[in-house]
Amino acid sequence: DQQVKQNSPSLSVQEGRISILNCDYTNSMFDYFLWYKKYPAEGPTFLISISSIKDKNEDGRFTVFLNKSAKHLSLHIVPSQPGDSAVYFCAARNTGNQFYFGTGTSLTVIP
Amino acid sequence: DAMVIQNPRYQVTQFGKPVTLSCSQTLNHNVMYWYQQKSSQAPKLLFHYYDKDFNNEADTPDNFQSRRPNTSFCFLDIRSPGLGDAAIYLCATSRDTLAGASTDTQYFGPGTRLTVL
Chain L
1 DQQVKQNSPS LSVQEGRISI LNCDYTNSMF DYFLWYKKYP AEGPTFLISI
51 SSIKDKNEDG RFTVFLNKSA KHLSLHIVPS QPGDSAVYFC AARNTGNQFY
101 FGTGTSLTVI P
Chain H
1001 DAMVIQNPRY QVTQFGKPVT LSCSQTLNHN VMYWYQQKSS QAPKLLFHYY
1051 DKDFNNEADT PDNFQSRRPN TSFCFLDIRS PGLGDAAIYL CATSRDTLAG
1101 ASTDTQYFGP GTRLTVL
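Same order as they appear, the protein sequences are chains L and H.
Position 106 of the first sequence, counted from 1, bears residue number 106 in our numbering, the numbering being contiguous throughout.
Just remember that our numbering sits 1000 ahead of the position in the second sequence, which is counted from 1.
These are computed hints drawn from the structure, not numbers from a lab.
This one's a predicted model, so the numbers in the text were calculated from it and none came from an experiment.
A virtual CB, placed ideally from N, CA and C, is assigned to each residue, including glycine.
A couple of the hints might just be wrong.
Unchecked claim - The calculated lysine-lysine pairs, modelled on DSSO-like cross-linking and capped at a C-alpha distance of 27 Å, are: (1) K71/L x K37/L; (2) K1017/H x K5/L; (3) K71/L x K1044/H; (4) K54/L x K68/L; (5) K1017/H x K37/L; (6) K1052/H x K68/L; (7) K1044/H x K5/L.
To be verified - Chain L stretches covered by chain H per the calculated footprint, using a threshold of three residues with CB under 8 Å from any CB of chain H: (8) 36–49; (9) 97–108.
Said to hold, decoys possible - The calculated label-pair distances, taken between Cβ atoms and stated as ranges, are: (10) N1063/H x F46/L: 28 to 34 Å; (11) P40/L x N1055/H: 37 to 43 Å; (12) G60/L x N1007/H: 29 to 35 Å; (13) S1080/H x E58/L: 44 to 50 Å; (14) R1113/H x F46/L: 17 to 23 Å; (15) G1084/H x E42/L: 48 to 54 Å; (16) I18/L x G1082/H: 30 to 36 Å; (17) N67/L x S1039/H: 44 to 50 Å; (18) D55/L x P1018/H: 18 to 24 Å; (19) S1039/H x N7/L: 33 to 39 Å; (20) K56/L x E1057/H: 27 to 33 Å; (21) D55/L x T1115/H: 27 to 33 Å; (22) N1063/H x K56/L: 30 to 36 Å; (23) N1007/H x P40/L: 18 to 24 Å.
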């Protein structure tokens, strides 16, 4: 049973525009959410996170929004750059410190 | 500079032949995790160690075992690999498990791609 879902397997965006990646979860006990970026042949690398007590966290071009009532989070990248092209994984942590991942969204930023 | 190292990067084994994947870390983190990622699927947590305490996921098959002889090293043993065990195996670490108090992230190794013939 997939507790974290990324329903869009791929997304293409023009350079300079905004990229919005979405993630839904089912477990209301998740207390911490993360986004990871993954290049081919490498492990995922941490990008940005948000605690369940917040609804927004911003780091440079990256902003994560959390809507707890909808059990939904999103990652906004603005402006998008070609180097942002990668697979983005959403992950959620429960109170047992177990992390659950979505299936990933492959982002392509077109120059 | 490598922080989480996985060896080998590519492993080929035969059906039913035991195989061991290794992971080491230079971060001195308390927690080490093993994930299985099959093609186009989410990384799936198999188990994790908090120090020496082993925490198995309920749906992890008995075929998968793990050892953590010290803080730096963690091994994944697949006792009798089947064709369905072909996947990328990701090792990750995090500093602690103070869920709710910690905003720590996980640091991943590059993964080991296992092929079962």
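Results of checking the hints against the structure:
1. K71/L x K37/L: holds, 21 Å
2. K1017/H x K5/L: With Cα atoms ~34 Å apart, K1017/H and K5/L exceed 27 Å; violated.
3. K71/L x K1044/H: holds, 20 Å
4. K54/L x K68/L: holds, 9 Å
5. K1017/H x K37/L: Violated - the C-alpha atoms of K37/L and K1017/H are around 34 Å apart, more than 27 Å.
6. K1052/H x K68/L: violated, 34 Å
7. K1044/H x K5/L: The hint holds at about 13 Å.
8. 36–49: holds (count 8)
9. 97–108: holds (count 8)
10. N1063/H x F46/L: 28 to 34 Å: holds, 30 Å
11. P40/L x N1055/H: 37 to 43 Å: violated, 30 Å
12. G60/L x N1007/H: 29 to 35 Å: Hint holds: Cβ distance 34 Å, inside 29 to 35 Å.
13. S1080/H x E58/L: 44 to 50 Å: Check passed, 49 Å falls within 44 to 50 Å.
14. R1113/H x F46/L: 17 to 23 Å: holds, 22 Å
15. G1084/H x E42/L: 48 to 54 Å: violated, 25 Å
16. I18/L x G1082/H: 30 to 36 Å: Violated, since I18/L and G1082/H (Cβ atoms, about 44 Å apart) do not stay within the stated range.
17. N67/L x S1039/H: 44 to 50 Å: violated, 31 Å
18. D55/L x P1018/H: 18 to 24 Å: violated, 48 Å
19. S1039/H x N7/L: 33 to 39 Å: violated, 18 Å
20. K56/L x E1057/H: 27 to 33 Å: This hint holds: roughly 32 Å between Cβ atoms.
21. D55/L x T1115/H: 27 to 33 Å: Violated: the Cβ-Cβ distance is about 44 Å, outside 27 to 33 Å.
22. N1063/H x K56/L: 30 to 36 Å: violated, 43 Å
23. N1007/H x P40/L: 18 to 24 Å: holds, 19 Å
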